[in-house]
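*Asks:* Those protein sequence lines, which keep their order, are chains P and X.
Under the working numbering, the residues of the first sequence are numbered 1 to 111, in order.
Under the working numbering, the residues of the second sequence are numbered 1 to 116, in order.
Simulated from the structure, these hints should not be mistaken for lab results.
By construction, the Cβ of each residue, glycine as well, lies at the ideal position given by its N, Cα and C atoms.
Take the hints with a grain of salt, since some may be wrong.
Cross-link-like lysine-lysine pairs, in silico, DSSO-like; alpha carbons within 27 Å at most [unchecked claim]:
| id | chain 1 | residue 1 | chain 2 | residue 2 |
| --- | --- | --- | --- | --- |
| 1 | X | K104 | P | K26 |
| 2 | P | K69 | X | K104 |
| 3 | P | K56 | P | K69 |
| 4 | P | K56 | X | K104 |
| 5 | P | K26 | X | K57 |
| 6 | X | K104 | P | K70 |
| 7 | X | K9 | X | K104 |
| 8 | P | K70 | X | K57 |
FRET-style restraints, in silico, Cβ to Cβ [claimed, not checked]:
| id | chain 1 | residue 1 | chain 2 | residue 2 | range |
| --- | --- | --- | --- | --- | --- |
| 9 | P | N18 | X | A14 | 28 to 34 Å |
| 10 | X | G95 | P | D66 | 25 to 31 Å |
| 11 | X | T5 | P | S39 | 16 to 22 Å |
| 12 | X | L83 | P | E15 | 38 to 44 Å |
| 13 | P | S39 | X | D40 | 17 to 23 Å |
| 14 | P | S110 | X | H73 | 15 to 21 Å |
| 15 | P | K26 | X | G95 | 25 to 31 Å |
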Amino acid sequence: SQQGEEDPQALSIQEGENATMNCSYKTSINNLQWYRQNSGRGLVHLILIRSNEREKHSGRLRVTLDTSKKSSSLLITASRAADTASYFCATGFTGFQKLVFGTGTRLLVSP
Amino acid sequence: DSGVTQTPKHLITATGQRVTLRCSPRSGDLSVYWYQQSLDQGLQFLIQYYNGEERAKGNILERFSAQQFPDLHSELNLSSLELGDSALYFCASSGGRVRAGEEKLFFGSGTQLSVL
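Using the sequences and the accompanying hints, generate a full structural model.
*Replies:* Here you go:
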């Protein structure tokens, strides 16, 4: 399957702590995107990193991409209760006209 | 608000029935995507349309079909429904002016389908 896999499947932290989630994929990609999904609602785009980029920042988000290891990580710094959600990586594969989503990480941030 | 509108929000029906899910993309977006999200399969890509034409096909069953109309809204038709079709169905849109998979998607709030 081309589907990416997030690790861990679930993560529970306290407010103020950092949250790191990882995504691994199997084939060459054009780009990798991260999305957030609040319980049962639509996904919201967070950040896009291209295959020739190694790191990207957006507010409290930091994304890294290691194409040699076929992996990416999303770091959320100084987590807030409002960050509680599921986070998905999505990959745009070379030659494929679609975005493939991973299995997701459920993040719980407790006050 | 993503600007993508999906109706209905909830749909309860019986096995063997047929339903139609509707999606209006963001103003100006030419591409519409349909995804199915279930607990055991995750988020699965079904099909993509660009300016009225099918552009990419994923794990869409033969019982399912979709189309995009001249006004760019899209409909996903699900027929001969089975219990296993119960899922959250999302529509997403994008500009579509670059290669699919290279631009961010804007998702609707989904249609929760329950087949009893």
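*Asks:* Just pull the numbers of the violated hints for me, sorted ascending.
*Replies:* The structure breaks hints 9, 14; every other hint is satisfied.
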